[in-house]
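Asker: Just so you know, the sequences run in chain order A and B.
Each residue of the first sequence is one higher than the one before, counting from 1 in this note's numbering.
Each residue of the second sequence is one higher than the one before, counting from 1 in this note's numbering.
Source of the hints: derived by calculation from the structure; they are not laboratory data.
Glycine included, C-beta positions come from ideal geometry on N, C-alpha and C.
Just so you know, not all the hints are guaranteed correct.
Unchecked claim - If you want the footprint, here are the derived chain B segments under chain A, 3+ residues with CB under 8 Å:
(1) 31-38
(2) 146-155
Claimed, not checked - Which chain B residues face chain A? A few, computed with CB under 7 Å, are given here:
(3) A100
(4) A102
(5) A125
(6) Q128
(7) F133
Residue-level listing of the chains:
Number of protein chains: 2
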Amino acid sequence: MPQLLDAIQQRFACRAFHPDRPLTATQLALLCEAGRLAPSAFGLEPWRFIPVTDAAPRARIAGACFDQPAATSAAAFIVIVALVAALDPDSDYVRARFEAEARGGEVAPIDAAYRALCRDTPLAAWAQGQCHFAAAQMLLQATHMGLGSCPIGGFDAAALAQSLSLAPGEVPALVIALGQCAEPAPARIRKPLE
Amino acid sequence: MPQLLDAIQQRFACRAFHPDRPLTATQLALLCEAGRLAPSAFGLEPWRFIPVTDAAPRARIAGACFDQPAATSAAAFIVIVALVAALDPDSDYVRARFEAEARGGEVAPIDAAYRALCRDTPLAAWAQGQCHFAAAQMLLQATHMGLGSCPIGGFDAAALAQSLSLAPGEVPALVIALGQCAEPAPARIRKPLE
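Could you put together the complete structure from these sequences and hints?
Answerer: As structure tokens, this is what we get:
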């Protein structure tokens with residue numbers, strides 16, 4: 001593989017897409033696959049990915065993102081939802097993930113470590129943070145496929161949850177706007193390596 | 001570039017490294033560069049990366065990670081530290097990042113959106129979650145360079161902060177153990193794509 005840093009360097013937050021150039025089903029599936037294979041603490045994979053391509057639901061998502069240009073011009077979205085309620089240490093979801101993670105070994109030490117985390121940590125913010133592992137892989141995959149992308153963390157969470165009919169305890173973590181980019185890459189801003 | 005998904009598929013949490021095969025300075029620099037170029041909300045880049053390669057400090061890091069095998073066998077670490085105190089909305093750090101992010105435009109809307117976030121969000125957990133953008137890029141970069149890696153989120157934060165002489169308000173977010181992997185990739189566990 002040529003330098004992965006090429007994709008890392010080429011990725012930027014695109015603020016203007018061609019809204020009339022749709023993504024293919026294959027592209028959306030590859031993006032979700034890139035997210036699905038991301039690491040997560042305790043192997044909990046505390047996320048769900050919701051692709052949105054039709055015009056009417058796209059407009060509702062854009063509205064929940066305060067109609068910022070990256071959202072109103074996006075050809076598609078993938079909304080990453082954090083499965084906060086499922087993370088209750090006594091849930092069937094957690095039990096099933098720990099049994100998979102233990103690979104036939106003991107579940108008890110994983111369970112104990114997780115309960116210690118739950119005592120010290122605000123779980124909703126923690127789960128949303130875990131979703132960034134999946135998001136980062138999706139953003140690089142989009143760049144790799146020649147697509148523009150923009151991670152949007154500024155949204156009306158209640159409006160977004162309603163427009164996606166999220167269950168209670170499912171919390172939007174990040175909206176990824178996608179499409180063919182209609183603007184040049186801006187000059188990159190970063191702190192120096194030191 | 002061949003399929004980025006190759007790197008995504010090949011990455012796994014290595015639990016046993018060859019401790020006597022050090023990373024080169026170039027490898028460590030490329031890993032930090034992959035993290036440096038990661039996206040972050042509001043362009044805040046709320047992180048600092050600390051490479052650790054010498055035997056004595058490596059042993060202290062491993063101890064803070066409860067001497068789990070991935071830590072005791074690692075040839076090097078990069079500790080990602082969340083700059084929590086710097087995220088105060090009135091800090092010089094935030095002001096400087098917003099001026100860069102605004103690219104000569106208005107800082108006020110960014111500032112207002114960020115203050116709204118600060119009212120609703122536990123900032124330490126939020127900053128640690130932002131660090132996962134950088135971590136994900138580093139983990140893929142390690143895979144790309146033929147290195148094994150293991151993200152470690154389970155550590156004694158106070159012991160880690162002391163061994164790294166962190167300033168108050170700097171909070172360890174994630175320890176990345178690195179080295180030549182000394183075990184085969186395990187069978188992958190993931191929820192199905194649905």
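Asker: Work down the list of hints and note, for each, if the structure agrees.
Answerer: Here is how each hint holds up against the structure:
Interface restraint, the region 31-38 of chain B with chain A: holds (6 residues with C-beta to C-beta distance below 8 Å; minimum three). Counting residues of the region 146-155 of chain B whose CB lies closer than 8 Å to any CB of chain A gives 3, so the stated coverage by that chain holds, three being the minimum. For A100(B), the shortest C-beta to C-beta distance to chain A is roughly 5 Å, which falls under 7 Å, so the interface hint holds. For A102(B), the suggested interface contact is broken, since its CB lies about 10 Å from the closest CB of chain A, more than 7 Å.
Satisfaction of the interface hint for A125(B) is found here, the shortest Cβ-Cβ separation to chain A being roughly 4 Å, below the 7 Å cut-off. Hint status for Q128(B): holds, given a least beta-carbon distance of 6 Å to chain A, under 7 Å. For F133(B), the suggested interface contact is upheld, since its CB lies about 5 Å from the closest CB of chain A, less than 7 Å.
When each numbered hint is compared with the structure, a violation occurs for hint 4 only.
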